[in-house]
Amino acid sequence: DTGVSQDPRHKITKRGQNVTFRCDPISEHNRLYWYRQTLGQGPEFLTYFQNEAQLEKSRLLSDRFSAERPKGSFSTLEIQRTEQGDSAMYLCASSLATSLRYNEQFFGPGTRLTVL
Amino acid sequence: RKEVEQDPGPFNVPEGATVAFNCTYSNSASQSFFWYRQDCRKEPKLLMSVYSSGNEDGRFTAQLNRASQYISLLIRDSKLSDSATYLCVVNQAGTALIFGKGTTLSVSS
Numbered sequence: 149d150t151g152v153s154q155d156p157r158h159k160i161t162k163r164g165q166n167v168t169f170r171c172d173p174i175s176e177h178n179r180l181y182w183y184r185q186t187l188g189q190g191p192e193f194l195t196y197f198q199n200e201a202q203l204e205k206s207r208l209l210s211d212r213f214s215a216e217r218p219k220g221s222f223s224t225l226e227i228q229r230t231e232q233g234d235s236a237m238y239l240c241a242s243s244l245a246t247s248l249r250y251n252e253q254f255f256g257p258g259t260r261l262t263v264l
Numbered sequence: 093r094k095e096v097e098q099d100p101g102p103f104n105v106p107e108g109a110t111v112a113f114n115c116t117y118s119n120s121a122s123q124s125f126f127w128y129r130q131d132c133r134k135e136p137k138l139l140m141s142v143y144s145s146g147n148e149d150g151r152f153t154a155q156l157n158r159a160s161q162y163i164s165l166l167i168r169d170s171k172l173s174d175s176a177t178y179l180c181v182v183n184q185a186g187t188a189l190i191f192g193k194g195t196t197l198s199v200s201s
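As they're listed, the protein sequences go chains G and Y.
Numbering-wise, the first sequence is residues 149 to 264 according to our numbering.
Numbering-wise, the second sequence is residues 93 to 201 according to our numbering.
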């Protein structure tokens, strides 16, 4: 399978614990995005990398959230001191940015986080 | 005002029906436009990009009206397998996608 992969697919944690999610983009894609989706809403943008550089962060990305893409390939999203409000589906997407105009992004299956 | 607004539905139609979804966006600087499809508890999948001249892919036709900041998706000859949530998406500067809440379609036999 050459699509975007995410690990784990499900994570249940207790409030206050730290969690880390991994995303492997489509191999030739240089852009990688993280989104969050809650029930009944569309995905909301969190952050984006071009190669290893983190170029944009949403105001949704509080200080408890950090993302890295150290070698410009896979990325990790860490949430520290989780809160119940962090419960959501965390989606990763990737794209090949040959043109700014049409930025077709392809999504992974997501990591569903439940904070108890 | 939400950046991307859609009628949430649900739209309940019989097989073979034609159904149209509408979407408006607020930022006139938006540059690219998409429809994504999302099945229950799955990731969004790109259905089609929407071009200024309008475009068609089989039973699906997308239209864009930049002056009215309006996007539409028409599905002809609906199939049971078309049942899903359809997300209207805009992109302003080649980075973050801005999603609507989605329109739910249920096709019945």
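It should be emphasised that the hints constitute simulated quantities derived from the structure, not laboratory data.
Since the structure is predicted, the reported quantities are computational estimates derived from the model, not experimental observations.
A virtual CB, placed ideally from N, CA and C, is assigned to each residue, including glycine.
There may be inaccurate statements among the hints.
Unchecked claim - Here are the in silico distance ranges between beta carbons for each label pair: (1) G:Phe222 - Y:Gly108: 40 to 50 Å; (2) G:Asn166 - Y:Ala109: 41 to 51 Å; (3) Y:Ser200 - G:Ser214: 42 to 52 Å; (4) Y:Gly108 - G:Ala201: 18 to 28 Å; (5) G:Arg260 - Y:Ala121: 31 to 41 Å; (6) G:Lys162 - Y:Ser120: 37 to 47 Å.
Claimed, not checked - The following residues of chain Y were derived to be distant from chain G, with all beta-carbon distances above 10 Å: (7) Asn114; (8) Ser141; (9) Arg168; (10) Leu179.
Going through the hints against the structure:
About 45 Å separates the C-beta atoms of Phe222 (chain G) and Gly108 (chain Y), a value consistent with the hinted range of 40 to 50 Å. At about 49 Å, the beta-carbon gap between Asn166 (chain G) and Ala109 (chain Y) stays in the expected band of 41 to 51 Å. For the hinted restraint 42 to 52 Å between Ser200 (chain Y) and Ser214 (chain G), the CB-CB distance of approximately 46 Å keeps it satisfied. Against the hinted window of 18 to 28 Å, the Cβ-Cβ separation of Gly108 (chain Y) and Ala201 (chain G) comes to about 50 Å, which falls outside the hint.
Taken as a hint, the range 31 to 41 Å holds for the pair Arg260 (chain G) and Ala121 (chain Y), whose Cβ atoms sit roughly 34 Å apart. For Lys162 (chain G) paired with Ser120 (chain Y), a C-beta distance near 46 Å keeps the hint of 37 to 47 Å intact. Even its closest Cβ contact with chain G, about 16 Å, leaves Asn114 (chain Y) beyond 10 Å, as expected for a residue assigned away from the interface. A cut-off of 10 Å between C-beta atoms contradicts the statement that Ser141 (chain Y) is not in contact with chain G; the least separation is 6 Å.
The claim that Arg168 (chain Y) lies off the interface holds: its Cβ sits roughly 24 Å from the closest Cβ of chain G, which is beyond the 10 Å cut-off. Some Cβ of chain G comes within 10 Å of the Cβ of Leu179 (chain Y); the nearest lies about 5 Å off, and the non-interface call is violated.
Of the numbered hints listed earlier, those contradicted by the structure are 4, 8 and 10.
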